[in-house]
Amino acid sequence: MMRVWLLLLGALATVGFAFIVLVAVPGVMLQDVPRPAQLQPYTAEQARGREVYIANGCVYCHSQQIRDPAFTTDVQRGWGNRATVPADYVYDRPHLLGTMRTGPDLINVGQRLPDEGWQLLHLYNPRTVVPWSIMPAYPYLFAVRDSASVGPDARVIAVPGKYAPPPGRVVVATPDAMALAAYLISLKRDYPVTAPAGARDSAGRRVAHTMP
Amino acid sequence: MITSARPTPAGAHERADIDVRLRADLSSRGPVLLAFGSAIVWLLVGTVFGDIASFKLHLPDWLVQQAWLTFGRMRTVHLNAMIYGWASLAMVGVSLWIIPRLVHTELRYGRLARAGIWLWNVGLVLGNLGILAGYNDGLEWLEMHRYFADPWLVVGGGLVGIALLVTLMAREVDHLYVSVWYVMAAYLWFPIIFAVGNWPGFTGVESGATNWFYAHNALGLWLTAISLGAAYYFIPKVLGRPVYSYQLSLLGFWSLAFFYALNGMHHLVGGPIPEWMITTSIAASALMLIPVLATAVNHHITMVGRFGALRYSPTLRFVVLGAIAYTAVSLQGMLTALREVNRITHFTQWTIAHSHVGVYAFVTFVMFGSIYYILPRLVQREWPSARLIQWHFWLVLLGIALYVIALTVVGVRQGLAMLDPQVSFQRSVEVTIPGLVARSVAALALTAGHLVFVWHYWLMVRGRAPARETLVFHEARPILYEPEPEGALR
Amino acid sequence: MFPSSLAVVLTGLLLGGVALAAFFWAWRRGCFRDLEAQSRVILDDRDYRLVRPWETPQQRAERELRHGAAEPPAPGEWGGAA
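Protein sequences appear in the order of chains L, G and S. For the first sequence, the tail end lands on 212 under this note's numbering, and the numbers increase by one without skipping. For the second sequence, the tail end lands on 702 under this note's numbering, and the numbers increase by one without skipping. For the third sequence, the tail end lands on 784 under this note's numbering, and the numbers increase by one without skipping.
Hints were generated in silico from the structure; no laboratory data involved. Just so it is clear, CB atoms sit at the ideal spot from N, CA and C, and this is done for glycine as well. Treat the hints with care, since some could be wrong.
Just the calculated beta-carbon pair ranges, DEER-fashion [claimed, not checked]:
1) S:Thr713 x G:His270: 44 to 54 Å
2) S:Trp727 x G:Ala382: 31 to 41 Å
3) G:Phe360 x L:Val156: 12 to 22 Å
4) S:Leu708 x L:Pro41: 23 to 33 Å
5) S:Leu722 x G:Val378: 44 to 54 Å
6) G:Pro646 x L:Pro41: 52 to 62 Å
7) G:Asp386 x S:Glu764: 52 to 62 Å
8) L:Asp153 x G:Trp667: 56 to 66 Å
9) L:Arg169 x G:Leu656: 55 to 65 Å
10) L:Pro152 x G:Arg639: 24 to 34 Å
11) G:Tyr359 x L:Asp32: 41 to 51 Å
12) L:Glu116 x G:Asp273: 18 to 28 Å
13) G:Ala498 x S:Pro755: 51 to 61 Å
14) G:His270 x S:Glu766: 50 to 60 Å
Partial chain L-side listing against chain S, Cβ under 7 Å, derived [claimed, not checked]:
15) Leu6
16) Leu8
17) Gly10
18) Ala13
19) Ala24
20) Val28
21) Val130
22) Pro131
23) Trp132
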């Protein structure tokens with residue numbers, strides 16, 4: 001014989017315990033994460049680019065985290081100069097840590113590929129610059145217009161080769177494309193974070209949530 | 213139930229048993245058919261979107277002119293249609309059918325449950341259209357809009373839960389069978405984790421931790437819970453023998469509830485969240501051995517010596533394979549949580565294969581098996597074609613086998629390539645291509661299997677199937693037979 | 703923020719304590735006794751007596767011995783057209 005209330009109370013207790021351990025306690029511990037001086041909040045355009053990143057599901061193929069060099073080669077691969085720490089994400093809402101690397105990690109893409117023209121061309125069609133890429137093309141973030149109708153302040157992308165528009169027409173970046181490129185270029189977590197003395201746990205591992 | 217212990221003469225007692233079951237089935241008919249019907253529509257939606265997303269991974273210039281057709285949105289609708297549409301609604305149907313049967317009474321508040329299913333569907337339509345239009349909350353498994361879509365699911369699921377709880381309170385048996393625990397606990401767990409996951413205030417790594425607290429529990433405390441409840445019912449029911457050990461099922465339930473809920477951070481191994489959280493989750497993942505073994509022993513030892521039953525019972529074939537997949541996916545999950553394995557498999561197609569062993573080979577197989585058992589008892593007709601069931605079974609079995617093997621193999625190769633800084637990233641992409649193409653082939657097999665299943669289902673609900681012979685005798689009973697006094701039902 | 707405040711942690715711990723106490727109390731009261739009876743609640747007499755074509759003669763004889771004369775199953779009894 002098993003009482004209904006016992007079942008429900010027990011079920012509540014187990015999930016409540018997990019909630020405390022994995023959500024509430026970390027929340028208390030992380031609420032005082034310092035904001036790194038070198039990390040700027042996203043500008044309005046970068047924030048808009050972040051929305052474009054989310055709306056188009058970039059997170060399903062790109063992570064934004066450098067893992068501990070003690071047991072991965074993320075740093076050696078050149079994706080960053082150190083493991084990322086909680087302070088690197090204080091302006092990220094929601095997080096975009098990601099779980100797949102169908103494409104490369106992007107948390108330092110702004111440091112690796114800071115050229116806006118490259119970013120826009122790559123978004124228009126990745127295979128213009130990376131022939132082996134399996135990333136989707138995003139032509140809908142651009143407009144193909146008559147060259148005569150394009151004003152001087154429009155951002156025209158020179159697309160080479162077989163992806164080039166027909167003669168007399170040009171590829172123009174939309175504000176969404178500009179914002180997304182601005183967001184990608186802003187992704188840089190290369191400033192130094194040195195953990196203070198004693199910031200290692202008993203096993204000698206780096207304590208990831210400490211900041212100078 | 214020893215013969216001599218019967219309170220009433222043999223015939224009357226047995227009639228009462230069957231009568232109780234019949235009344236339970238009749239009472240839940242409407243809501244269950246609604247839940248199954250909408251689940252099947254979402255199965256088709258999820259299949260089409262999954263197929264397109266699969267092909268897009270190796271045909272990156274295919275269907276790129278429109279924003280709503282982009283990979284990131286197709287994949288997201290595929291996931292949401294399958295998890296919250298197909299799997300969840302099929303589970304709602306199974307819950308609404310199984311609880312009245314298990315507590316020997318009619319479903320209460322059936323209309324409320326029906327309204328709940330409609331609300332759930334409204335939320336799904338809004339959420340998925342929103343994703344296609346670019347309204348995405350940005351958290352995996354929680355993409356549907358937290359204000360326009362998710363509240364419909366909370367209220368809808370809540371209404372179904374209330375109907376189940378009221379039914380449970382009106383129970384006419386003392387004993388609560390293990391399936392009742394799993395199902396009822398799931399309806400308590402889901403709204404809690406869903407609300408926490410959708411809470412808008414989290415920033416940075418806290419947002420990540422909460423995201424995976426939710427997403428892992430959506431699998432463990434919602435999909436797994438109800439699917440295990442169904443397996444715990446159908447395996448002994450068809451075999452005609454109780455589960456091997458009831459003590460073990462008790463242990464399995466409570467240890468699952470405790471350890472599974474703590475697993476989520478193993479999705480962030482090596483990531484920027486505090487080390488102790490990840491360690492906690494890895495430890496809890498390892499301790500999942502307890503519930504997994506308890507459940508595996510119960511399901512598989514009950515089967516021992518009776519595997520021939522798989523040839524006779526399509527229900528058992530799907531459910532038992534689902535139970536085997538549950539054991540497999542759990543062991544694989546424990547392995548994947550270990551840092552030594554995770555450093556290779558994290559961020560690769562291995563994860564995609566793993567999640568499909570869980571949600572497809574386990575949850576979806578159990579749901580297929582359940583529907584094969586339940587539907588004839590609702591529409592009073594027999595499945596018209598054994599051959600169609602065979603086709604369905606072999607197409608989806610071979611399809612998912614190819615899917616999992618292909619992505620697991622290329623996932624390991626991809627992971628090893630990424631782990632070696634001497635190997636270019638290009639190489640880690642190229643090694644996956646054969647697996648991605650094979651996955652698209654597998655997706656077509658799964659699609660064909662789903663079409664066969666949906667066609668068969670359609671024949672059933674449209675009345676193009678033979679009437680159930682034996683149920684004529686069951687059906688006649690409420691008219692010819694005067695119910696026993698209350699006490700005889702127990 | 704509310705979900706991660708100290709108050710929530712303390713309330714949660716308290717609730718967990720209550721749940722543990724309830725479990726212990728239920729254990730003492732005997733809520734977990736007679737578990738095997740629960741495992742039989744889904745099976746009625748007819749379920750036990752139905753002829754299962756996959757069973758060995760020995761298993762069938764055992765079934766008849768324990769549960770009485772065998773009864774033929776209905777078509778589709780095992781879920782789906784076999």
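Results for each hint:
1. S:Thr713 x G:His270: 44 to 54 Å: holds, 51 Å
2. S:Trp727 x G:Ala382: 31 to 41 Å: violated, 25 Å
3. G:Phe360 x L:Val156: 12 to 22 Å: Roughly 37 Å apart at Cβ, these two residues miss the hinted range, so it is violated.
4. S:Leu708 x L:Pro41: 23 to 33 Å: For Pro41 of chain L against Leu708 of chain S, whose Cβ atoms are near 27 Å apart, the range 23 to 33 Å holds.
5. S:Leu722 x G:Val378: 44 to 54 Å: violated, 28 Å
6. G:Pro646 x L:Pro41: 52 to 62 Å: Given about 44 Å between the Cβ atoms, the range is violated.
7. G:Asp386 x S:Glu764: 52 to 62 Å: Distance hint for Asp386 of chain G, Glu764 of chain S is violated at roughly 28 Å.
8. L:Asp153 x G:Trp667: 56 to 66 Å: Given a distance of about 57 Å, which is inside 56 to 66 Å, the answer is holds.
9. L:Arg169 x G:Leu656: 55 to 65 Å: violated, 38 Å
10. L:Pro152 x G:Arg639: 24 to 34 Å: About 44 Å separates the Cβ atoms of Pro152 of chain L and Arg639 of chain G, which means 24 to 34 Å is violated.
11. G:Tyr359 x L:Asp32: 41 to 51 Å: violated, 30 Å
12. L:Glu116 x G:Asp273: 18 to 28 Å: holds, 23 Å
13. G:Ala498 x S:Pro755: 51 to 61 Å: Roughly 42 Å apart at Cβ, these two residues miss the hinted range, so it is violated.
14. G:His270 x S:Glu766: 50 to 60 Å: With a Cβ separation near 59 Å, His270 of chain G and Glu766 of chain S satisfy 50 to 60 Å, so the hint holds.
15. Leu6: Since chain S brings a Cβ to about 5 Å from Leu6 of chain L, closer than 7 Å, the hint holds.
16. Leu8: Because about 10 Å separates Leu8 of chain L from the closest Cβ in chain S, which is outside the 7 Å limit, the hint is violated.
17. Gly10: Holds: closest Cβ of chain S sits about 6 Å from Gly10 of chain L, inside 7 Å.
18. Ala13: holds, 3 Å
19. Ala24: holds, 5 Å
20. Val28: holds, 6 Å
21. Val130: Status violated, d = 41 Å.
22. Pro131: The hint is violated - Pro131 of chain L has no Cβ within 7 Å of chain S, the shortest such distance being about 47 Å.
23. Trp132: violated, 44 Å
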